[in-house]
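Listed in order, the protein sequences are those of chains F and S.
Sequential numbering of the first sequence, starting at 1, is according to my numbering.
Sequential numbering of the second sequence, starting at 204, is according to my numbering.
Worth double-checking, as some hints may not be accurate.
[Stated by the list, open to error] Mimicking DSBU-like on lysine-lysine, the simulated pairs with C-alpha atoms at most 30 Å apart in a straight line are:
(1) K400(S) with K290(S)
(2) K242(S) with K357(S)
(3) K242(S) with K290(S)
(4) K350(S) with K171(F)
(5) K150(F) with K331(S)
(6) K197(F) with K374(S)
(7) K290(S) with K197(F)
(8) K147(F) with K374(S)
(9) K128(F) with K112(F)
(10) K346(S) with K171(F)
(11) K290(S) with K331(S)
[Said to hold, decoys possible] For each label pair, taking beta carbons as the anchor points, the in silico distance ranges come out as:
(12) Q46(F) with K390(S): 42 to 48 Å
(13) D202(F) with I355(S): 30 to 36 Å
(14) K39(F) with A337(S): 54 to 60 Å
(15) S148(F) with D326(S): 36 to 42 Å
(16) R133(F) with R336(S): 43 to 49 Å
(17) D339(S) with V83(F): 30 to 36 Å
(18) G201(F) with N316(S): 29 to 35 Å
(19) I355(S) with E132(F): 40 to 46 Å
(20) C77(F) with H369(S): 37 to 43 Å
(21) N172(F) with G340(S): 40 to 46 Å
(22) Q46(F) with A337(S): 53 to 59 Å
(23) G385(S) with V83(F): 52 to 58 Å
(24) D202(F) with H369(S): 30 to 36 Å
(25) A157(F) with D225(S): 26 to 32 Å
It should be emphasised that the hints constitute simulated quantities derived from the structure, not laboratory data.
We treat Cβ as the ideally placed atom computed from N, Cα and C, and that holds for glycine.
The residues making up each chain are set out below.
Protein chains: 2
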Amino acid sequence: MIITVSRQFGSGGRELGKRLADELGYDYYDKEIVTQIAKESALNEQYVNSVLEGNGFSHIALNFAHTMPVVSTVPDCATEVLVQQQKIIKAIGNKGNCVIVGRCADVILADKNPVKLFVYADDASKIKRCKERAHDGEDISDKRILKSAKAIDKGRARFCDMISPHEWDDKNAYDLLINTTGVEIKKIIPSLALFIKSLRGDN
Amino acid sequence: MIITVSRQFGSGGRELGKRLADELGYDYYDKEIVTQIAKESALNEQYVNSVLEGNGFSHIALNFAHTMPVVSTVPDCATEVLVQQQKIIKAIGNKGNCVIVGRCADVILADKNPVKLFVYADDASKIKRCKERAHDGEDISDKRILKSAKAIDKGRARFCDMISPHEWDDKNAYDLLINTTGVEIKKIIPSLALFIKSLRGDN
């Protein structure tokens, strides 16, 4: 079974994905994919990440990009990132039994019928989670957190738009959407793992 | 705990709600609410149902109806239905431990912090479910099913718009959205019940 986790920034989607992988004894992939793309493509991780977060393309490229996988208006380096990303995520998918957070893995692995989760939360909950994760002495205002969250989610949506027939946050693209507002993520993991299995008829 | 189930027509939301109530040993409310409103208001069930399905109001009434519970542009009989509905659903909510399907119970009982589910499915799945439920000899085309589903969901959305700050199918209004496409509902119930409990910190 393959589980993909798409998530709003600050919703705890990454924590949910990691804990779910641990609970199920599955492999977990998140930033590892960025590292591997960087290695395979000889581009630096920061650049690779910026492409995967939807910031490596011009609007013109995006508007013409529905004929993916590769369009000529996308800068060459960004194209290389996309090619490597597809290759790496497909290889991960072939191994199976894994949880993949972000990177449009749900779209890239559509033929493997992954269980597709979308994790979201309200603004107050995002602010709370971000502040809990902040480094000592790091001063982040509520306004700044929400501005970042909005920009990051916008980038994710833009990247998704390139390769998906659905909008990034369209419920029809997912099997299960979980609102983590007020939820202590570690407490929901054992029953979520069972529920996900049951969605694929594995009881 | 109160669980509300909003659902697209043909998604199996009613079956899910009923089975969930049975699993948890909770009371279940669906059409019972219509019957009770009819009794309390001396209106017939068919009319009560048409109001609750969003068909008892003019567009003008709907556009001005955000100042609910009662606006003068709503016909008197429909107003009576709304008043009785609020009264009955609030009484159900006060008893607790129940599953309520539809009737905007999630909005009416917002102060009770219900677990709010939204159940949906793709068109092919809706057609399949409706055909399985059809009476012997009943001839229903795919096109007719989808047309009905669309009209009924539109009515539900209109009714919800009157009393909710959210759109009817906005994920932010719910705790959990479940895509029942390809899912055998009875198989997911035991783990869904556990998962819902965990969302409220009850493990």
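Hints, verified against the model:
| no. | hint | in the structure |
| --- | --- | --- |
| 1 | K400(S) with K290(S) | 27 Å, holds |
| 2 | K242(S) with K357(S) | 27 Å, holds |
| 3 | K242(S) with K290(S) | 13 Å, holds |
| 4 | K350(S) with K171(F) | 21 Å, holds |
| 5 | K150(F) with K331(S) | 39 Å, violated |
| 6 | K197(F) with K374(S) | 23 Å, holds |
| 7 | K290(S) with K197(F) | 40 Å, violated |
| 8 | K147(F) with K374(S) | 21 Å, holds |
| 9 | K128(F) with K112(F) | 36 Å, violated |
| 10 | K346(S) with K171(F) | 23 Å, holds |
| 11 | K290(S) with K331(S) | 36 Å, violated |
| 12 | Q46(F) with K390(S): 42 to 48 Å | 45 Å, holds |
| 13 | D202(F) with I355(S): 30 to 36 Å | 33 Å, holds |
| 14 | K39(F) with A337(S): 54 to 60 Å | 57 Å, holds |
| 15 | S148(F) with D326(S): 36 to 42 Å | 38 Å, holds |
| 16 | R133(F) with R336(S): 43 to 49 Å | 48 Å, holds |
| 17 | D339(S) with V83(F): 30 to 36 Å | 56 Å, violated |
| 18 | G201(F) with N316(S): 29 to 35 Å | 32 Å, holds |
| 19 | I355(S) with E132(F): 40 to 46 Å | 43 Å, holds |
| 20 | C77(F) with H369(S): 37 to 43 Å | 42 Å, holds |
| 21 | N172(F) with G340(S): 40 to 46 Å | 33 Å, violated |
| 22 | Q46(F) with A337(S): 53 to 59 Å | 58 Å, holds |
| 23 | G385(S) with V83(F): 52 to 58 Å | 32 Å, violated |
| 24 | D202(F) with H369(S): 30 to 36 Å | 34 Å, holds |
| 25 | A157(F) with D225(S): 26 to 32 Å | 40 Å, violated |
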